[in-house]
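These protein sequences, in sequence, are chains U and R. To convert a position in the first sequence, counted from 1, into our numbering, add 421. To convert a position in the second sequence, counted from 1, into our numbering, add 421.
Hint data in this document are derived by calculation from the structure and do not stem from the laboratory. Bear in mind that the values here come from a model prediction, so they are computed numbers and not experimental data. Just to be clear, a hint being listed does not mean it is correct.
Same chains, same names: a pair is fine if it fits in one copy or spans any two.
As the list claims (entries may be wrong) - The calculated BS3-like cross-link candidates involving lysine-lysine, where the alpha carbons are at most 25 angstroms apart (straight line), are:
1. K423 / K544
2. K509 / K544
3. K544 / K525
4. K544 / K427
Protein chains: 2
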Amino acid sequence: MKEWFKNIENAPEGSAFPLARLLEELNFNDQGLIPVIAQDADSLAVLMFAWMNHDALLETLNTGRMCYWSRSRRSLWRKGESSGHTQKLHTLSTDCDGDVLLAKVSQRGAACHTHRRSCFYLKIGDEQVTISGAFIEE
Amino acid sequence: MKEWFKNIENAPEGSAFPLARLLEELNFNDQGLIPVIAQDADSLAVLMFAWMNHDALLETLNTGRMCYWSRSRRSLWRKGESSGHTQKLHTLSTDCDGDVLLAKVSQRGAACHTHRRSCFYLKIGDEQVTISGAFIEE
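Can you make the complete structure from the sequences, with help from the hints?
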């Protein structure tokens with residue numbers, strides 16, 4: 422755990438630190454990526470899980486639209502650019518050791534490429550896994 | 422994306438598949454780990470983000486208590502074993518390509534080692550990052 426995060430962890434609620442410093446301290450992995458959890462700002466459902474590199478994070482902060490890094494295409498992935506299923510950023514947080522981001526978003530249509538609202542539609546039971554998300558129209 | 426996930430993605434809600442097959446198909450990374458998002462089953466707040474290996478996943482499914490893999494200690498991490506801040510598993514899901522788990526849990530006390538309810542207490546603003554979680558007693 423980086424010293425910077427350790428140093429601020431006992432600060433009381435409301436304490437503020439320069440964003441520029443956080444951006445230096447965030448823990449991108451050895452591929453230069455940080456995981457991102459996207460959560461519906463209204464329903465609080467977890468919608469999807471993806472990755473950002475430094476450029477994707479800066480673009481997201483600058484535009485207020487979620488931009489990820491596509492590991493398969495090896496390029497910036499402006500969510501909804503082709504599908505129309507954009508995500509508007511509400512609030513962005515990071516965790517106690519700065520190695521993951523949590524984005525609360527307004528999701529237009531389906532977050533999942535299967536046209537389900539959320540990617541987390543495979544519910545694990547005692548002996549079976551069950552499809553637990555419906556297709557949506559928009 | 423693995424063929425198995427592709428093959429089931431158009432199945433209607435309620436369709437079920439053998440759990441044993443899912444466990445074979447889940448995408449553990451080259452360190453044998455899969456990311457896990459822990460979400461409060463009541464408030465739906467995202468509490469923490471951690472990793473499981475195959476053994477941690479099986480233990481979690483068998484006991485109904487969250488067991489992670491500690492990358493720093495290189496051992497199974499039975500959440501709350503020393504702090505008492507256990508997590509009881511409610512529902513476990515995976516996403517469309519089986520490379521991340523989402524666990525809805527009953528959290529006892531603080532999920533975060535800083536004694537905050539959630540690890541995601543660093544809120545990123547335009548120019549500042551602000552501490553946005555209070556310490557809790559229990």
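Up to 25 angstroms CA-CA - K427 versus K544, copy category: between (36 angstroms within a copy, 16 angstroms between copies)
K544 and K525: within-copy, between-copy, both or neither at 25 angstroms Cα: both (23 angstroms within a copy, 11 angstroms between copies)
K423 and K544: within-copy, between-copy, both or neither at 25 angstroms Cα: between (35 angstroms within a copy, 18 angstroms between copies)
Intra/inter-copy verdict for K509 and K544 if alpha-carbon distance must be at most 25 angstroms: Between copies only: 17 angstroms across chains, 27 angstroms inside a chain, cut-off 25 angstroms.
The earlier numbered hints are all upheld by this structure, with none contradicted.
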